[in-house]
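Q: First residue of the sequence shown: 51, per our numbering; consecutive thereafter.
Please note: incorrect hints may appear among the correct ones.
[Said to hold, decoys possible] Calculated lysine-lysine pairs in the BS3-like style (CA-CA distance at most 27 angstroms, straight line): (1) K54 to K145; (2) K70 to K53; (3) K145 to K111.
If you're looking for bench data, these hints aren't it; they were derived computationally from the structure.
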Amino acid sequence: MFKKLVAIEPISLMPSAQQKLHDYAEEVIMFDNMPKNNLEIIQRIGDADAVLLSYTTYIDKEVLDACPNIRYIGMCCSLYSAQSANVDIPTANAKNITVYGIRDYGDQGVVEYVISELVRY
Numbered sequence: 051m052f053k054k055l056v057a058i059e060p061i062s063l064m065p066s067a068q069q070k071l072h073d074y075a076e077e078v079i080m081f082d083n084m085p086k087n088n089l090e091i092i093q094r095i096g097d098a099d100a101v102l103l104s105y106t107t108y109i110d111k112e113v114l115d116a117c118p119n120i121r122y123i124g125m126c127c128s129l130y131s132a133q134s135a136n137v138d139i140p141t142a143n144a145k146n147i148t149v150y151g152i153r154d155y156g157d158q159g160v161v162e163y164v165i166s167e168l169v170r171y
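Please build the complete structure, drawing on both the sequences and the hints.
A: What follows is the structure, encoded as structure tokens:
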């Protein structure tokens, strides 16, 4: 269990899924607006040991160096490779921070949409 989990930006979770986060952390903080810069990201993370983010914010070496308690970063978006990630994965790996993303995020929905459009025509 994590001590403190922070979603540093809107991550578009259903209310039931958002409530489930409390099963994994003693304290859960959800931000509903975008951080403006690294300083704001660092302030939002603070002493958290788990961080959630979407595809719009980048967590770089500066942020990882300033937030030594981070043990886990959950990317609520696709993660295909370290090169395409919006997290500095090499630095995270060097600091033994686990980073997970969602593989094939949205693929089923895209397939369903394409088929529905084909059927309409």
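Q: Decide, hint by hint, whether the structure agrees.
A: Taking the hints in turn, this is what the structure says about them:
1. K54 to K145: Between K54 and K145 the Cα gap is close to 18 angstroms, so the pair holds against 27 angstroms.
2. K70 to K53: 15 angstroms, holds
3. K145 to K111: 10 angstroms, holds
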